[in-house]
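Asker: The primary structure of each chain is shown beneath.
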Amino acid sequence: MMATGHNEPVLSVRDLAISFKTEQGERILLRDASFEVKRGEVLGIVGESGSGKSITALSLMGLLPVSGRVSHGEAWFEGQDLFTLSPRQLDRIRGKRIAMIFQDALTSLNPVFTIGNQIVEGIRAHQDISKAQATQQAAQLLSRVGMADPDNVLGQYAHMLSGGMRQRAMIAMALASEPALIIADEATSSLDVTIQAQIMHLLRELSLERDMSVLLITHDIGLIAQMADKVIVMYAGEIVENTDVFTLFEAPGHPYTRALLETVPSIEDDKDRELQAIPGVVPEDYDAISGCRFAGRCAYVEPKCRESRQIMLPLDKCRQVRCIRAQNNELEFVHSTQCEASKIALARRKQEAKAKLSERLRT
Amino acid sequence: MTLLRAENLYRTFPAAGGFARRKRVRAVTDISLTMYENETLGLVGESGSGKSTLGRLLIGLDQPDSGTVYYRGQDLSQLKGQDKKRVRTEMQIVFQDPWASLNPRKRIYDILSAPLLYHNYATKADVGTKVAALLEKVGLSPESSERYPHEFSGGQRQRIGIARALSLNPAVIVCDEPVSALDVSIQAQILNLLQELQDEYNLTLLFISHGLASIKYLSDRIAVMYLGRIVEIAGAEKLFSSTYHPYTRALIMSSPVPDPYRRQEPEALLSGEIPSNIDPPSGCHFHPRCPLAEDSCRREIPQLTPVPDDLTHLVACPIALAGGGL
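Heads up: the protein sequence lines correspond to chains A and B, in order.
The opening residue of the first sequence carries number 1 in the working numbering; numbering runs sequentially from there.
The opening residue of the second sequence carries number 1001 in the working numbering; numbering runs sequentially from there.
Bound conformation, chain B alone:
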């Protein structure tokens, strides 16, 4: 069942000062995307590729310049009053930085009880029990509610952020790089927690990361972004077993494999820097770094097209499509 559908989303921001004052950063360009109920969609791409902006657009935290997001068939931008308030509770976000995303002056109790009371999910009488239950859900003791954010480690704060996102029984949670600020030994704890919670509450997750390994671990499908566009989208296993887009291939080849016997070789590495998204390259944005680039790539913007044997696997590269997957 389709839960969220984005159609032709565009979002630009004014570029920072100086000579570029009139220019705009193209964060998201012509993105159409569907999220199905209970799935985890992974969103991977390099910094500045528009992942976080897309995540925020999908749950109405930010408005597109043009294009529409439909949630359960309703246009998000047309929602008013009670409907809007209700839909807002169903869409939550977990931020990357567990230090910046919790108010340092509030106790955990205040942080978790505020949304419950505001949206009438609890009364003054039973809010304490509900907060305690939330904390237990994310693996923290109920006594932690009396403490302040600075008394917790990064991993524990991320658990509090997850508890806050869960408090209003959401349908969708955007997890924006939820583990990249955490130590490696803690990352696995949080990834496992997200997986458990999804199973228990039938959540739909958008999991944003620049690391392919954690994306693969958690996702059912994965979308790969490059300079504001989706270049490939496929089932999580499929993306790795039959990779089409040359950028996806480069990402996979560049992820350091924890095996000293298998060294990355220079021929597999991409050359060139990531271009600016203020003035992205013409045609296919990837063409200046692409080993497959032909003349037509400089002119034509490739559209997402299904691969021959799998209608759910889309690739924006006619040359890779003609050549077949890896």
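Bound-form chain A, shown alone:
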């Protein structure tokens, strides 16, 4: 059974908008983004490059490039609105209560300090213990993230490790301060699939074990299925669908989500399956479009879609979409879902994972 406090959101983002200064003046690259991450939950953010997923994460950490700024919205984390904090206050959260792991571990690890040095520093930032004790903890962390020879790795520098080991070291570093939330931005995209699978499995276990929330940003639909509990789908600077992972795959509510699922080849496919490509490209100046931003590529488009700005509305208990035709119940594929069934599937999957984890940790 779920412990109390599980339904409390760890992070709650409301009406987020981000704008960037460009040569053509200020452009709004993300708008009207609201979502929450509950405790111990993995929220997947899926979208193509330029859809706004990475800037969403960067804004939370106060890491937007100088040309960008949060122009609207709130992000509540542990009782504070991240966007109102001073740089100093944010420093107490960033890398400590919220940790981030990136695609490129080599640039996130400090090249002139040993791995051990960096992890020990993280541990001692929030625990008042001796260096020796912290070093011991660091070795335990490295061993937990799957390093075969942790004592040796403690004394090594980032460049001495392989890509997969670096990624593990970065995760160990992120874990050192016992964060409530880990943001993983395409963290395994440059790794090979066998290594990616190990790292993702590790993240899943750690989230279960520590009741840690994960914000998983990826373009890979397969990873979403494997990892996420809840999912938000982004397109051209907007969230277009917000649902749970089972509903996403069984009954997507937005035409873009549906098209995206059909465009992805799977090793399970029959060889003769025809891939359904989405025609056209993501519009570049999407902030100038007054109606639905997907209208130009949508198979279900009608004149009214282009007339006014689309808003996020619930279709039922488990799906929110930004599509007037789905909301008006005009799309055949948006059959009514069994939100209850998805909820049960989600809970069962989590329970099974927990059972497997405790069994694995026992042996």
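Just so you know, these hints were derived from the structure itself, not from any lab.
Mixed in with the good hints, there may be bad ones.
[Said to hold, decoys possible] Below are the DSBU-like pairs computed for lysine-lysine, each with C-alpha atoms no more than 35 angstroms apart in a straight line:
(1) A:Lys21 - B:Lys1137
(2) B:Lys1106 - A:Lys271
(3) A:Lys271 - B:Lys1137
[To be verified] Cβ-Cβ distance ranges computed for the label pairs, FRET-style:
(4) B:Tyr1036 - A:Glu23: 49 to 55 angstroms
(5) A:Asp272 - B:Gly1272: 33 to 39 angstroms
(6) B:Asp1110 - A:Glu268: 31 to 37 angstroms
(7) B:Ser1242 - A:Gly79: 25 to 31 angstroms
(8) B:Glu1294 - A:Asp272: 35 to 41 angstroms
[Stated by the list, open to error] Over 10 angstroms on every C-beta distance to chain B, these chain A residues come out as not near it, computed from the model:
(9) Pro9
(10) Arg31
(11) Gly79
(12) Asn328
Don't be surprised by glycine CBs; every beta carbon is placed ideally from N, CA and C.
Position chain B against the provided structure of chain A, taking the given hints into account.
Answerer: Then chain B, alone, in the frame of chain A:
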């Protein structure tokens, strides 16, 4: 009909500086391979497994340290003069990075007309029509020829790269990760385009990818590489329905399945990191990560051997062969 045959190809590169200065990276080790006319051969493996090097060796863009590539029965390295020039036109490549592979200072017209004029496939008078026809073939408007590469999206640039590869009526095209730099919604467009073009022109394709799903979608046969060697080669369906090599199994099990009901479990996942190909493990290169490894695997290099009921399905693992396929 055999179009290309590689025999015992080896290719090494000097390892980058430092202490390893005298060491060499073994990119391709003892690879023999046949490509038949009109087939798509998929080449899958992790980064650094030698896929791209093998692709380049097969079309003569790079020379092996030893071993021979035969194209229509002729030794590529022995070709001279006009023969060499002709064979070169018949073998083309589409690169992974559509940003780096097109000259940013040239208009699309210049990029596509240069090979046509150089190889006398067009005259000054009709080259414009030929360029327009090529662009239409790959789904771009003829007017695009006046524009520069930066004015196009990644998917459109990849279409231009494909148009360039098609311009000299090639027999073979090596597609080196042609979709991995593209957004998911665009990947399917390019995969479908390659499939259509192959059907229309009877092309022979070598499709290199680290993703099993797109490989399966496009290929007739698939070769799996690990640290410079081919460990399994089979018909595309066969590779998935009766998998032999433990590495192939691991690759299949590690590919994230887009179905939340079917989770990958840790027992199916490979442990360990990919070893360096400067100093690969002895015997079977895969043995340190292999769940089936026995003592003999540390000593003996396994040779590709046909499975009992299918002579076209080769596996370099005596233990998996003895145990039967999955």
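Asker: Failing hints, ascending?
Answerer: Violated hints (numbers, rising): 1, 2, 6 and 7; every other hint is consistent with the structure.
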